[in-house]
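Number of protein chains: 2
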Amino acid sequence: MLNDVEISNFFENFNSSCSKVSKHSFSKGSLITTYIEKRNQMCILLSGSANLIRYDFNGNKTIIGDLNKNDIFGEVLYPTNTNNELFVEAKEDCEVLSFIYDNLVNCRDIPKCKFHREFEEKFPILMMNNTINLNTRIELLTKKNIRDKLLGYFNILSTRKLSKTFMLPFTLTDLAYYLNVDRSAMMRELSHLKEEGFIQKKRKKNNPTCCLICRVIFN
Amino acid sequence: MLNDVEISNFFENFNSSCSKVSKHSFSKGSLITTYIEKRNQMCILLSGSANLIRYDFNGNKTIIGDLNKNDIFGEVLYPTNTNNELFVEAKEDCEVLSFIYDNLVNCRDIPKCKFHREFEEKFPILMMNNTINLNTRIELLTKKNIRDKLLGYFNILSTRKLSKTFMLPFTLTDLAYYLNVDRSAMMRELSHLKEEGFIQKKRKKNNPTCCLICRVIFN
DNA sequence: ATACTTTTGTTGCTTTTGCAACATGTATTT
DNA sequence: AAATACATGTTGCAAAAGCAACAAAAGTAT
Chain L
0 MLNDVEISNF FENFNSSCSK VSKHSFSKGS LITTYIEKRN QMCILLSGSA
50 NLIRYDFNGN KTIIGDLNKN DIFGEVLYPT NTNNELFVEA KEDCEVLSFI
100 YDNLVNCRDI PKCKFHREFE EKFPILMMNN TINLNTRIEL LTKKNIRDKL
150 LGYFNILSTR KLSKTFMLPF TLTDLAYYLN VDRSAMMREL SHLKEEGFIQ
200 KKRKKNNPTC CLICRVIFN
Chain A
0 MLNDVEISNF FENFNSSCSK VSKHSFSKGS LITTYIEKRN QMCILLSGSA
50 NLIRYDFNGN KTIIGDLNKN DIFGEVLYPT NTNNELFVEA KEDCEVLSFI
100 YDNLVNCRDI PKCKFHREFE EKFPILMMNN TINLNTRIEL LTKKNIRDKL
150 LGYFNILSTR KLSKTFMLPF TLTDLAYYLN VDRSAMMREL SHLKEEGFIQ
200 KKRKKNNPTC CLICRVIFN
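Residue numbers (numbering that gives the first Met the number 0), protein chains in the order written: chain L, 0 to 218; chain A, 0 to 218.
Bear in mind the hints are in silico, worked out from the structure with no lab data behind them.
Everything numeric in this text was worked out from a predicted model, so none of it was measured.
Any given hint might turn out to be false.
If several chains are the same, the list does not tell them apart, and a pair holds so long as it fits within one copy or across any two.
[Said to hold, decoys possible] Capping the alpha-carbon separation at 20 Å, the derived lysine to aspartate or glutamate pairs in EDC-like fashion look like this: (1) K142 - D173; (2) K142 - E84; (3) K143 - E188; (4) K37 - E138; (5) K143 - D55; (6) K27 - D92.
The task is simple: from the sequences and hints, build the whole structure.
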């Protein structure tokens, strides 16, 4: 129903006929945007992948979200007054559409420009996907311990790829920031899972974004 | 921008002219709905408040969400294959609109019925509010310890009411389920916060949904 | 008023997680 | 090839959180 195919290439060939929408490219590792209150920015990730990163007032890092093709992000979707610094960092080379979200009729052109017509049509699907992603994230964060967070996340990746073998979209260091746990405690738990035969790890050479292959055995 | 007032009474006087939409009343404590895969149900809470509750395979309870007026919920917004039981329970007497979400043009009437016209128009605002709520929830769940979860949540309630004095929408037992922590550990932390002067607690007699008033002193 | 249920409040003990430090291994840069 | 930076892997110890059990208070039903 909420089929990726429906929107997979929708905004891809977008040409900035509307003055209110801009398309930018970002190279791996660069800063895509920061969340600044009251600017109402919204973005669509056209290609590549990125992390939504938070630093709290103590400097603690958390990877709040893992952004992929067709995901929407931006400060307009995020609560204000959190006293945190949030920014989006490219994990791979990325293409991004960005614009100011006021409402769905913020195009001044008559008739509406191509982008705003398409956006208005696809907005429900984009939002529904985003909502399911956020609820999936909440499912993960509400697991009671590190082991269940790991297995829960591996289960998501496994289901998504329809295979018990898959690659992590994070380094292990970043996985700990994503699961919101201490890295060394997570490594300890990974060792236990390996000993008990729940996972196998294989290191892959020269892969820029992924560093492990997990062969997960779920019950 | 995403103003509650805009939609505050929009669906309130809805009359079921469309055969695909139904309005139901639920008394306090009753079951509003369960999340069953592939039914694509979506609901709007017209009045009252409710909890979205999850029981995992081990019987662990978590309050996934706290639903209030104009909030949307339903299995169509939630990931499938979680091996969990999810249901929505009325905290107060509730009125709920429910329908099947296929897409935004699932009304067979020509011209579209009043509900679907209004829903289509208000859908973006409903979804944006929902997204901000979910991101607020993620902010809370990614706090590193019980103390910060408590203070973070009190800060949200305080900001929402524009007052340092506010009531909890949960019993303390349910607050622990909501913050996803052990109740006794949470009580211990609440005692510390009280000793250190961060909060004051006052019990209120005969209040059905709230049991405490907290006078929170933030730095 | 009494019995019963639910919620609050507390504590000792155990388990889990976090912290700090460091060794090793793998990429990247010069 | 050497130097540097970053990621993985491991450990001892400390701190935090979970578990179990129970008492007291408040709310509800009879």
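Hints and how they fare:
For a Cα distance limit of 20 Å, the shortest separation of K142 from D173 qualifies both inside one copy, at 18 Å, and across copies, at 17 Å. For the identical chains of this complex, K142 and E84 are inter-copy neighbours only, at 14 Å across copies versus 25 Å inside a copy, given an alpha-carbon limit of 20 Å. For a Cα distance limit of 20 Å, the shortest separation of K143 from E188 qualifies both inside one copy, at 14 Å, and across copies, at 18 Å. With identical chains, the CA atoms of K37 and E138 are at most 20 Å apart between copies only, with a shortest distance of 19 Å across copies and 29 Å within one.
Only between protomers do K143 and D55 lie at most 20 Å apart by alpha-carbon distance; the minimum there is 10 Å, versus 22 Å within a single protomer. For the identical chains of this complex, K27 and D92 are intra-copy neighbours only, at 5 Å inside a copy versus 52 Å across copies, given an alpha-carbon limit of 20 Å.
Going down the numbered hints, you'll see the structure goes against none, and every one checks out.
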